[in-house]
Amino acid sequence: MEENLPPGFRFHPTDEELITYYLTRKVSDFNFVTRAITDVDLNKCEPWDLPGKASMGEKEWYFFNLRDRKYPTGLRTNRATEAGYWKTTGKDKEIFQSGVMVGMKKTLVFYKGRAPRGEKSNWVMHEYRLQSKYAYRPAKEEWVVCRVFQKSSSAKKPPSSPASLPHLVESSCDTTLMNEIEEIDMPMPNLNSLALQFACQPQEGSNLSSLIAQGECLQTNMNSNFASSSSSKGKLNPW
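Sequential numbering from -12 applies to the sequence shown in this note's numbering.
Be aware that one or more of the hints could be misleading.
[To be verified] Computed cross-link-like contacts, EDC-like style, restricted to lysine to aspartate or glutamate with a CA-CA straight-line distance of at most 20 Å: (1) Lys93 x Asp2; (2) Lys93 x Glu129; (3) Lys93 x Glu47; (4) Lys74 x Asp36.
[As the list claims (entries may be wrong)] FRET-style restraints, in silico, Cβ to Cβ: (5) Asp79 x Tyr8: 14 to 22 Å; (6) Pro(-7) x Lys99: 34 to 42 Å; (7) Lys74 x Gln118: 22 to 30 Å; (8) Lys138 x Gly100: 17 to 25 Å; (9) Arg101 x Gly(-5): 38 to 46 Å; (10) Trp35 x Pro103: 16 to 24 Å.
Rather than coming from a laboratory, the hints here were simulated on the basis of the structure. Glycine is no exception: its CB is placed at the ideal position from the N, C-alpha and C atoms.
Let the hints inform the model, and build the full structure from the sequences given.
Shown next as structure tokens:
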């Protein structure tokens, strides 16, 4: 058990080590036993029960498994349990050592229920097998070594809160009104200038809406005064 190992030591072999050191010995010697990996029938165990059957491991567990053929004369593997089934995902990965292919790695995910309506779980298994032409491969039965772990569900980021709306600040002078007046291409009579100054002065109980209304009224009066002054041939009405 890992409790007997010195502090800081963990069983974490590489893909190459699992195949060349452990699986090779298991295939060549049926009685090969190692303290790190135990024999188990994966078709008779649910994934959540496997940690309790492992010799060691905290977040991932290792097992030797004798693959069960689905049909006596076929090559398909039976991967069903009572609660669900293991389903292959992705493409098998070739494992090399010193430039020579020594085995294959298959990734499987456990689904609860029965195909094709199984419910995907977060249990994952990496199954390692020797390459087909390996000298020690038995004719009818095939030992594999498996790494089983529970994939942590990725935490979803909380939705970003909508940006707070800017607060409207009441000021003593309406800047919107000033911008509209500046865009008017016409001379400013003194009367309008005085009226503008009056509109910009703070009034008790005034708010932004009232200032805008005063501005619209002021602009209407300005247009009216300018039209009347133009019709009188350039003569401005007396103050």
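- In rising order, the numbers of the hints this structure does not comply with: none
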